[in-house]
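Visitor: Sequence lines, in order, name chains C and P.
The end of the first sequence is residue 114 by the numbering used here, with every number in the run present.
The end of the second sequence is residue 111 by the numbering used here, with every number in the run present.
Keep in mind that the hints were calculated from the coordinates and are not lab data.
For clarity, every value in this text was computed on a predicted model and none was experimentally measured.
Think of the CB as a built atom: it goes at the ideal place given N, C-alpha and C, for glycine as much as any other residue.
Some hints here could point you the wrong way.
[To be verified] Now the stretches of chain C that chain P is said to cover, found in silico as 3 or more residues with beta-carbon under 8 Å:
no.: 1; segment: 14-28
no.: 2; segment: 69-80
[Unchecked claim] Not close to chain C: a few residues of chain P, all C-beta gaps over 12 Å, as computed:
no.: 3; residue: MET10
no.: 4; residue: ASN13
no.: 5; residue: GLN42
no.: 6; residue: PRO44
no.: 7; residue: HIS49
no.: 8; residue: LYS69
no.: 9; residue: HIS106
no.: 10; residue: ILE108
[To be verified] Listed next, the in silico DSS-like pairs over lysine-lysine satisfying Cα-Cα at most 27 Å (straight line):
no.: 11; chain 1: C; residue 1: LYS66; chain 2: P; residue 2: LYS69
no.: 12; chain 1: P; residue 1: LYS3; chain 2: C; residue 2: LYS64
no.: 13; chain 1: P; residue 1: LYS3; chain 2: P; residue 2: LYS69
no.: 14; chain 1: C; residue 1: LYS41; chain 2: C; residue 2: LYS66
no.: 15; chain 1: C; residue 1: LYS55; chain 2: C; residue 2: LYS41
no.: 16; chain 1: C; residue 1: LYS66; chain 2: C; residue 2: LYS55
no.: 17; chain 1: P; residue 1: LYS103; chain 2: P; residue 2: LYS3
no.: 18; chain 1: C; residue 1: LYS41; chain 2: C; residue 2: LYS20
no.: 19; chain 1: P; residue 1: LYS69; chain 2: P; residue 2: LYS103
no.: 20; chain 1: P; residue 1: LYS69; chain 2: C; residue 2: LYS64
no.: 21; chain 1: C; residue 1: LYS14; chain 2: C; residue 2: LYS66
no.: 22; chain 1: P; residue 1: LYS69; chain 2: C; residue 2: LYS55
Given next are the chains, with one letter for each unit.
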Amino acid sequence: GAVVSQHPSRVICKSGTSVKIECRSLDFQATTMFWYRQFPKQSLMLMATSNEGSKATYEQGVEKDKFLINHASLTLSTLTVTSAHPEDSSFYICSASSGGYGYTFGSGTRLTVV
Amino acid sequence: DAKTTQPNSMESNEEEPVHLPCNHSTISGTDYIHWYRQLPSQGPEYVIHGLTSNVNNRMASLAIAEDRKSSTLILHRATLRDAAVYYCAHIPGGGADGLTFGKGTHLIIQP
């Protein structure tokens with residue numbers, strides 16, 4: 001089946017630094033990928049839609065200058081959390097549509113900003 | 001706002017069937033109904049999806065109401081590994097739109 005690989009699985013960074021999270025579709029091409037954020041004991045919230053070769057579309061309330069998304073190829077999308085602060089600590093998850101099999105999700109990245 | 005409504009939690013015994021309901025009264029005629037489940041600290045896992053007819057796969061069955069405003073995910077014989085948070089969502093086909101998740105149902109399986 002379709003596989004989405006997400007790295008790193010865990011990252012701890014200092015406040016004010018930037019962190020990059022990678023999301024790769026391993027056995028299929030994904031023209032569109034999605035980024036979600038999940039706080040403890042809450043549901044996933046869609047942050048942005050990443051389109052290969054074009055600008056990402058952000059959901060209302062998500063700062064596009066803080067959460068930079070790059071989708072430079074059909075198999076790779078990256079999310080960079082810039083100038084991270086403790087309130088950005090969360091579980092970030094990417095996903096992609098794999099044709100007729102619904103959506104495939106990455107394993108998630110636990111970001112802790114100290 | 002979430003477009004789906006699910007019970008916060010449900011409990012079942014191992015090896016018994018489980019019926020997880022979802023209300024999606026605002027669904028449009030072309031939206032697909034999706035179900036995913038999530039274990040702690042993991043990304044969601046695809047379970048099943050359908051449009052109008054009931055669907056079966058190796059994991060579960062999906063029963064869709066005739067008016068499509070509700071659906072039920074059926075686990076025919078629950079195991080301890082089925083304990084998870086189950087989310088339903090509805091979304092246009094094509095894969096161009098992200099999923100909007102509700103709060104989901106926390107399924108507890110008793111041995």
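Visitor: Does the structure break any of the earlier hints, and which numbers would those be?
Guide: 1, 2, 5, 6, 7, 9, 11, 15, 20, 22
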